[in-house]
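Novice: Given next are the chains, with one letter for each unit.
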Amino acid sequence: MTMKERITASLKEFGLPRLIITGFLVLLLIIAPFVGSDLPTQISNIINRFSWNGILVLAMVPMVHSGCGLNFGLPLGIISGLLGATISIEMGFTGGMSFVVAILVATPFALVFGSLYGWLLNKIKGGEMMIATYVGFSSVSLMCMMWLVLPYHSPNMVWGLSGKGLRTTISLEGYFDQALAGIAQINIGNISIPTGTLLFFALLAFAIWAFLHTKTGTAMTAVGSNPKFAKAAGINVDRIRMLSVVMSTWLAAVGILVYEQGFGFIQLYMAPFYMALPAVSAILIGGASVNKASIMNVIVGTILFQGIVTMTPTVMNNMIHMDMSEVIRIIASMGMILFALTRKTEASR
Amino acid sequence: MDKKRQLIFRGAAILIILAIAAVMFVIGRGHTIYFDNKTAEYDGKKYESFYKVAVIKDKEKVAKLADDERGMADLMGQTLSVTLEITDEKGADPHSAKVSMPIPYSLDGIVINIPELMAGLPAEAYMTEFVPVATSEDEEEEEVVIDEFEITDDM
Amino acid sequence: MDTNSAPLLKMQGIKKDFFGNQVLTDINLELKAGEVLGLCGENGAGKSTLMKILFGATDIAETGGYGGDIFLDGQKVSFSSPFEAIEAGIGMVHQEFSLIPGFDATENILLNREPEKYNFISEIFGERLNTLDRGAMDERAREAVDKMGVAIDRHMMINTMPVGHKQFTEIARELSKEQLKLLILDEPTAVLTEREAVALLDSIKNMSERGISVIFITHRLQEILTVCDTVAVMRDGVLVECVPSSETSVTQITKRMVGREMAGSSEKREIRNNDDAKTILKIEKLWVDMPGETVRNVTLDVKEGEILGIGGLAGQGKLGIPNGIMGLYEAGGSVVFDGKEIPLNSPRICLDSSFAFVSEDRRGVGLLLDETLEWNVAFPAMQIQDKFLKKYLGGLIKWRDEKAIREVTEKYIDELQIKCTSSKQNAKELSGGNQQKVCLAKAFALEPRLLFVSEPTRGIDVGAKALVLEALRRFNRESGVTVVMVSSELEELRQVCDRIAIVSGGRISGILPADSTTEDFGTLMLKGVR
Amino acid sequence: MKIKEKFNLRQASVPIMFILICAVCIPLSGLSPKMLINEIITRMGRNSFLILSLLIPIMAGMGLNFGMTLGAMAAEIALILVCDWQIVSVPGMILAAIISVPISVLLGIFCGKILNRAKGREMITSYIMAFFVNGIYQLIVLYLMGKVIPIKHSSIKLPRGYGIRNTVSLLSMRQKLDNMLAINVAGVKIPVLTFIIIAVMCFIIIWFRRTKLGQDMRAVGQDMDVARDAGINVERTRIISIVISTVLAGLGMIIYLQNMGNIATYTAHSQIGMFCIAALLVGGASVDKASIGNVFLGVILFHTMFIVAPRAGAYITGDSMIGEYFRVFVSYAVITVALIMYETNKRKAKSAASMKLKDAQDSEETQKSADAQEG
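Protein chains in written order, with this note's numbering: chain A, 1 to 349; chain B, 1001 to 1155; chain C, 2001 to 2530; chain D, 3001 to 3375.
Heads up, none of these hints are tricks.
Pairs of lysine to aspartate or glutamate, EDC-like flavour, derived with a Cα cap of 16 Å: (1) C:K2052 / C:E2187; (2) A:K292 / C:E2371; (3) A:K228 / C:E2371; (4) C:K2303 / C:D2275; (5) A:K215 / C:D2401; (6) A:K231 / C:D2352; (7) B:K1004 / C:E2127; (8) A:K231 / C:D2361; (9) A:K164 / D:D3319; (10) A:K292 / C:D2370; (11) B:K1003 / C:E2127; (12) C:K2166 / C:D2104; (13) D:K3147 / A:D323; (14) A:K228 / C:D2370; (15) B:K1004 / C:E2123; (16) C:K2177 / D:D3229; (17) A:K215 / C:E2402; (18) B:K1003 / C:E2123; (19) D:K3152 / B:D1108.
Computed beta-carbon distance windows for the label pairs: (20) B:I1017 / C:P2291: 51 to 57 Å; (21) A:N236 / C:L2393: 22 to 28 Å; (22) C:F2083 / A:F206: 56 to 62 Å.
Everything labelled a hint here was simulated from the structure, so no lab data went into it.
Quick caveat: nothing in here was measured; it's all calculated off a predicted structure.
All residues carry an ideal CB built from backbone N, CA and C; glycine is no exception.
Pulled out of the complex, with its shape left as it was, chain A reads as follows:
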């Protein structure tokens, strides 16, 4: 193989869309100071948004590893997290404690929802992604009714007038707003680094990394790589897949709680609807494929994706006085997913 061939081969492996997106972000970073946007603020923004979204993207990893494909059913896990958050507040916990309780309450929901979801996905092997999408949608719209009906009473959450039914947006002030971000926060000039959130992400990322190095984690990767091989090696394929789905769902639950503590609000009703898509495209931008993903893909992907989300509005606006960020984000992320779905070499089986 000549040098040229090798370069073209590795470029092909990397994928044109990914290259364009990375190039685009680098370009944005270079241009930013010239068009008068403050680079430190931008970087600080990227770090912050990374810390909010990292775990939601991380939630893709277990299911990709076990061959269940991209977890378009992320909203199901998000709902578990939302239930945790609202119940924690309803129970009267405040401050950092409410965050801990939210995670504790969200866990059983995530386990139950995840198990049901995993059971379902085992019934329909091969058609996971489409059904995951619609399981997510159905559960979000079902919960829309539930948010209205469930007996919540906390005055900070229910509609003021009728005294029942949760509000669309609930402020977390006094509850777990900045619960993690506030821990050992570093502020230098315009840059503020949410050390706590980053550490929490690092902790979970390390846990997943470590899990993938254990016996069960190895089995999970093998199931994703070749289920027939795994079966012949005595692995209970369905159980491993189920485990991966439960893990993904739980991570999504924790992920939304971390997102909310950074964002400062709980968003209910239709808000979780399309939350899977940014996470899916982020991990793909990071270099993952439909059946391969690593922690590195998560970190790189989240930084790239959030970089584009935060940089484009300001830079583009300063440059050509047109805020095309939304459109660019949609085209880039959806293009990335399309690319991943149409790649034939994605799966060798």
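We have chain A; now place chains B, C and D onto it with these hints.
Specialist: Leaving out everything else, chains B, C and D in the frame of chain A:
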């Protein structure tokens, strides 16, 4: 040979469709016609407005104008034909007049001054382009919503 | 049959090699119009490759074409795709059905050759918008079915049809092609009931009378003698015999099919007699539902420390035996290992009872193609026996021991001479032979007491073949592991095994010592063919 | 035969469930029969054509075409242009239809080519495709229109000088098609011309099934490999089916929007695919099988539910939002259930085949042992 034959048929089909499109351009052009029953001056001469004018288009009364009023009608195509029922003074019997005139293709809105029209003046006299005045409400920047979460009510 | 005309088909000096591996050598064959040629030979003898060349299969051209000339009606032809072959009047009925399940027989018979009715819209949008002429379709399908001479319901949906009728629908499809001069039937009677098979033979005679030549491939030799004018026998890519069927017999054909010169026999090898050893595996009344390799009622004893070969023609069920026992396909019956009953349909319990299995489906079942050699070698041993793991917190955390994994992989890379850049190379980058060695290493790493090896040399080159067989023999001798080896290559079994069981029609048709004559094996192979 | 009956019952279960929901909700909604029928007739005229566009990809084995949104976007672009050119009423609609077709064809070819590269996961791909093209649509409508593509009228242009407003009024076309030849039966307005167009479309689809291309599509839909072996150009056939679907969806969207009387520029198309697919499935269709009957049954049942659910919900709980969310939930749930049924049926068909084999062997086995005992 067959390919050629097919090419001819396809070309013909496309031409027919293009022709239909062209026809639609002509017959489908919409104009808004504003009728003014106002006193106007032309060439130093004054043309008094009428007491009352009713505009009838396709057997339907589209506007009823008192003195110094403006009425409006939608038009499709380039020929305006209406019947005007004019009452010159209070209590007088109305007399009707059939008017038919070509409308310039390029104009969206056209103001027609009835007194001048009835006086038989040339088209450039009674016909003026309608220029919409931007209202202050319009000036406000509109927030574009591309949010897809919305539940559409109408399906 | 009229014998005066010039040959319809003439194949001259046909040669074919796959990447240096000679599969066909100098085949010369002639076929007159209306003649029925029976073509037989073991699997891998080159029958299908020859037919593929004749039918213009695309994979022939993709692998470098073929040598020699084919003449059809005296004109030299060379088809680059099956469509050209069909155009020239050759039809082929494959073993796998090529039918649309939701269409009825008529629609399938005329698939993509439907008579059409003109309509104006198609002048603009192209001929595909002509409507189908259902009346004419029915008429033509009826003609084709009449030609075949077997009555089938032309309006029956394929997915509600019995298997035999599907086969007849395929034949009728070929017959509906007006230009058809030569029909190739690849084991058409394999799926038919006795009565249907008789009907098919009648229909072949009928076709022959109408002047259509037929090449009829089958393992049922009696059928060949009944219906064919000429019998051609192939072995190892050579046409060993081509005689009028009146001058041969089932015994002679059998002899020709399997009767190789004993090339490897010059080297003396011991055939151990293990009759006194204890029976370590007792299989009773085993049935396995493996598509294409159905096993029916197999009873078999395996002695401790021996190498037992299982041979037989493809599709007779020999592959089903290890796959069924190892729980990869639905199975029933009883399997007793070392006095312990092994429940079926559970790969895990088999592996726990120290069985190991090297699958014939290397890429599908045998390997993690996208993972490193290390993973491939160590994975089952890690999962089943907790090897190559470091335990922390009193065994709560079982951490992959990368160092131990590398060591064991490197050990087997040396031992089996696996050619690779490093133990971290991905399995899919290796050649077939080396992949097979990885599969063996994977099984060896389990340190089993009983090893099933299925088609260990399929699709690998000669050098690797010898290495693999040697490794198996050494493993058996040195570790005292009982080996059950399944292979379509009788010669290979005879080189390695002590006893060889022959499977035919899903049943064991006999067990012979490895030094028995090829004729004896041949007779067993063809005994219960169905 | 027994299997077939069972299958039918399974197919019918969704419509039956909807009939029950409607039966409960209609009395609770407090709508007069006249109002209800009026609404249903309106919605039938509005939506049927759009749903018909889904039939052909199903026939070609490509599943539910979530990419029909592409056609809807093409139609919206055409209507915005026609609106700016001030071509009104029915001529405006015909012109918009003529303009939308080439856009739809291009988008359809693009979509078809992408789907050919994603065989086996057409649905999720076409679903993402809809989002992707939505991005491009926004790029065109929000940034290029007024800058690159001339837009004259400030009534549809954003005050900033480029981009289209959130809503474009189609007052000049509003129900012009519906009102032509409309008749009034006992207070119920029947848009005869719209229905005639829909009926013509149905006949075209029936006719299309009998053409060579239709036959090829059915063959490709059932078994791509067999079709390819028979010489059918599988890829091209699949692309054509998506192109037809996209074009029909575009035409359907024009009918839909003339009834609505305005375009919600950035949201009108986003839900259309989902609601049309849900309606088709409610009518008893499945991912691999759909008929014209399913379309009409689906429109009636789904929209009856859609009309009555919020009112019934409000009556029961006193909160109108519950009903709104309920109908959204039902739409998604119906699609989810249909998808699950499709996938499990696929697996069931496989295991049923092996069950049959096993039974046969078992019986043979017993016979064999009986034989052995006798012998």
